[in-house]
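Number of protein chains: 2
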Amino acid sequence: MPPEDQKFPEPTPSGRHGKPFQAPRGARDFYPEDMARRQYIFDAWRKTALRHGFDEIDGPTFEHLDLYTVKSGEGIVNELFSFRRAGGETDFALRPEFTPTLARMVAAKANSLPKPIKWFSVGNFFRAERPQRGRLREFSQWNVDILGDESAEADAELIACCVGALEGFGLSSDQIRLRIGHRAAVESIFRRFEIAESNYGEWFALLDRKPKLEQAEYVNQAQRLGFDEKRMKELDAALDNATATTDDDLSSLASQLERTGVSAWTTIDLSIVRGLAYYTGMVFEVHETGGKERAIAGGGRYDNLVELFGGPPTPAVGFAMGDVVLSLVLQDRGLMPEGAELLDKIDARPDIFLISNGQEESEAALKPTVAELRRAGLHARHTHRTTRNVGKLLKEASSCHARYAVIIENAATCTLKNLETGEEKKDVPLDGLVVEMQG
Amino acid sequence: MPPEDQKFPEPTPSGRHGKPFQAPRGARDFYPEDMARRQYIFDAWRKTALRHGFDEIDGPTFEHLDLYTVKSGEGIVNELFSFRRAGGETDFALRPEFTPTLARMVAAKANSLPKPIKWFSVGNFFRAERPQRGRLREFSQWNVDILGDESAEADAELIACCVGALEGFGLSSDQIRLRIGHRAAVESIFRRFEIAESNYGEWFALLDRKPKLEQAEYVNQAQRLGFDEKRMKELDAALDNATATTDDDLSSLASQLERTGVSAWTTIDLSIVRGLAYYTGMVFEVHETGGKERAIAGGGRYDNLVELFGGPPTPAVGFAMGDVVLSLVLQDRGLMPEGAELLDKIDARPDIFLISNGQEESEAALKPTVAELRRAGLHARHTHRTTRNVGKLLKEASSCHARYAVIIENAATCTLKNLETGEEKKDVPLDGLVVEMQG
Chain A
-17 MPPEDQKFPE PTPSGRHGKP FQAPRGARDF YPEDMARRQY IFDAWRKTAL RHGFDEIDGP
43 TFEHLDLYTV KSGEGIVNEL FSFRRAGGET DFALRPEFTP TLARMVAAKA NSLPKPIKWF
103 SVGNFFRAER PQRGRLREFS QWNVDILGDE SAEADAELIA CCVGALEGFG LSSDQIRLRI
163 GHRAAVESIF RRFEIAESNY GEWFALLDRK PKLEQAEYVN QAQRLGFDEK RMKELDAALD
223 NATATTDDDL SSLASQLERT GVSAWTTIDL SIVRGLAYYT GMVFEVHETG GKERAIAGGG
283 RYDNLVELFG GPPTPAVGFA MGDVVLSLVL QDRGLMPEGA ELLDKIDARP DIFLISNGQE
343 ESEAALKPTV AELRRAGLHA RHTHRTTRNV GKLLKEASSC HARYAVIIEN AATCTLKNLE
403 TGEEKKDVPL DGLVVEMQG
Chain B
-17 MPPEDQKFPE PTPSGRHGKP FQAPRGARDF YPEDMARRQY IFDAWRKTAL RHGFDEIDGP
43 TFEHLDLYTV KSGEGIVNEL FSFRRAGGET DFALRPEFTP TLARMVAAKA NSLPKPIKWF
103 SVGNFFRAER PQRGRLREFS QWNVDILGDE SAEADAELIA CCVGALEGFG LSSDQIRLRI
163 GHRAAVESIF RRFEIAESNY GEWFALLDRK PKLEQAEYVN QAQRLGFDEK RMKELDAALD
223 NATATTDDDL SSLASQLERT GVSAWTTIDL SIVRGLAYYT GMVFEVHETG GKERAIAGGG
283 RYDNLVELFG GPPTPAVGFA MGDVVLSLVL QDRGLMPEGA ELLDKIDARP DIFLISNGQE
343 ESEAALKPTV AELRRAGLHA RHTHRTTRNV GKLLKEASSC HARYAVIIEN AATCTLKNLE
403 TGEEKKDVPL DGLVVEMQG
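Chains as they are written, first to last, in my numbering: chain A, -17 to 421; chain B, -17 to 421.
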């Protein structure tokens, strides 16, 4: 059993023998602090996509199994959570990625949708692979796609949205690298080396696996595809040396990246080919500079997929960014906000925290005042403790990062305290508190 | 085959024979307009829960099957999407409801969590039932729970949050009724009728099904539980006549509802017992007044569930509101925002829509200006058409509900048009546009 499996054993599923139930292996429980961090990422993804002119969509969490066996490639098919209802005749699978759903949705309405289609989504995806650092069985992903525009301009606009998100998270172009390849440019090299078109798929799969293979194994697999070591080295050199000056596709891509103001983040690198079978043109991967984590994001052009799913020919380009690696990178670099800042970012910071001075009439006024503040649209919390130690209760107010504390002094008035400045306002009438807070 | 099945047949799963792929039966595709409406509901749920002092959490989309077979009741177990990986030994199920996950999460950390725990979540759930009006196989649900507080005050605080959401959607207390029952109050009547405690579960199930049963069938099933028609009528009368004056639990609940300012929305009705097996105290259902739709929301107290899942005894009360019935109600009543208002509500309205006057130097300035506006945090869209008909392009700007249109006049200047007032500002320098828009 590999060590990763020992780190993520399937927990005891049953609570029957006194052992508590646990989440399935590779799936996560999001307690409030975890959830606030996830929400921070989701909010940033949404805002970035909207700013770049994308509309949000979503599809089902499970699809017909066939949707994935058609074209996603073996890597994903082997990792599907698939299922069939007892007595049913249809096989389903939890979605392992979003692109097939997207292509299906575009195919179904292709004629009525104005082009270009610019869509994004934020959702959960599932792969039954071995859980390990940066890889879980359930994860969240941001998908961003432009369909109906075959230009390098669209490629660059997409990449600009990806860069916009990275920048928004506080990352900079010396910490992050977008390595951009191009399957069409690689194919033109394949043609020079007289590789048969029917073998392109296997060649892309080999080039994609290359960084993970020992040199001997790489040479061995190339030999199986009919290349001896010398010819393989020549092919490697041709791929290494391809630049914007030797290839038209790379040249127009490079100039569009320049024009969109993102070229400081990008490096042309034809060794990037991506694993999925459906890519046809530009492909890219986002990594930390010198980092050991898996890719933060990846994507590319898939001009044939909508047609394959029954729609008209529709050029398309897209990328996905997952939450797992991104979270690791942001936390390692101290870029994940905390405390009041985090709550501010996700609009979850309490406006006001109410306590009473412990007198009976103050206690009685607490809940009705809270209810009234909430009805007025304010985020109001209150203590559930019954101590008369106001100092302790003010600490409770601070620890939940409320902007203001209210100490109810009697049935009719309170003290309003700004918890950031310490400023206090005494004798504020309780029935004027809403106006005071909104003013 | 019942008529509902004909309305929702399983679509052809395969695109192989030229037929387009479709979403699975009972699952939905959310195109941008559908998604904006869903987002409107999700945002309102989130804001309401935060305002009422709840923290957001989430759990896995699938759980160990056992989590649901322990205590959710047969109704849900029969409708589970359950699955097992090829070669695996563990049975999983797509979550049909959130409460078991919540109880599991609380049980796992019960000792370190300050009480009361006030949590909410917004997520997708799955039931393999026959799709029909108001019921789908995948749906979204807002779950709101208070744990560690056994008081009627907590029951009322929870109900106030539910009412807060309904009010926020524009519904009023003459359109909506929260019918509130109480299992403890019903049990005290059961005791009066000398029903054995071991039969309470069957009795609750029968009372829950009563509105759906023919009278003869109801009497027949009561007989099987040992009650003749006369005794059954006496029990019905006792349930009908129970009020706050005859029962202590109902009395303190009623006074807390009054105190929290929500009693105009509520009616005490002991015929409400809810279907799930785990409820122990107050239970409630939310319906349109005189409406024919299924329940908009429902919930109740489940004081034993956390302990059942391996945690310490922890009183708990919660409710869930689904998106499917709620959407039908809001749309039927014209309460679902549209167009610019909808985009405003979900913060998705474009700040600015850029077009060029068709001159070459204006065209060239378009994309770089858009990129700069987006980098500055503005939601900027632009035309992809190349007509010189500025009037047509301005219509495009209006139809996407942008606040402003920018007509690029040459390489350096533009006209800025407020699309709400029609007001125009000419000769705005392109490099001052960001400042102009932010000012």
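Keep in mind the hints are simulated off the structure, nothing from the lab.
Watch out, some of these pointers could steer you wrong.
Same chains, same label: a pair holds when it works inside one copy or across any pair of copies.
[Stated by the list, open to error] Calculated pairs, BS3-like style, for lysine-lysine (alpha carbon to alpha carbon, straight line, at most 27 Å):
1. K327 with K377
2. K29 with K327
3. K377 with K408
4. K215 with K192
5. K215 with K408
6. K97 with K327
7. K215 with K407
In this text, all values refer to a predicted model and were calculated from it rather than measured experimentally.
Verification of the hints:
1. In this assembly of identical chains, the alpha carbons of K327 and K377 lie at most 27 Å apart only when taken from the same copy (22 Å versus 35 Å across copies).
2. Taking the closest pair of Cα atoms, K29 and K327 come within 27 Å of each other both inside a single copy (12 Å) and across two copies (14 Å).
3. In this assembly of identical chains, the alpha carbons of K377 and K408 lie at most 27 Å apart only when taken from the same copy (19 Å versus 55 Å across copies).
4. With identical chains, the CA atoms of K215 and K192 are at most 27 Å apart within one copy only, with a shortest distance of 13 Å there and 78 Å across copies.
5. Taking identical chains as interchangeable, the C-alpha atoms of K215 and K408 are never at most 27 Å apart, the minima being 80 Å within one chain and 61 Å between chains.
6. In this homomeric assembly, K97 and K327 come within 27 Å of each other (Cα to Cα) only across copies, at 26 Å, whereas the closest approach inside a single copy is 34 Å.
7. In this assembly of identical chains, the alpha carbons of K215 and K407 never lie at most 27 Å apart, being 77 Å within a copy and 62 Å across copies at closest.
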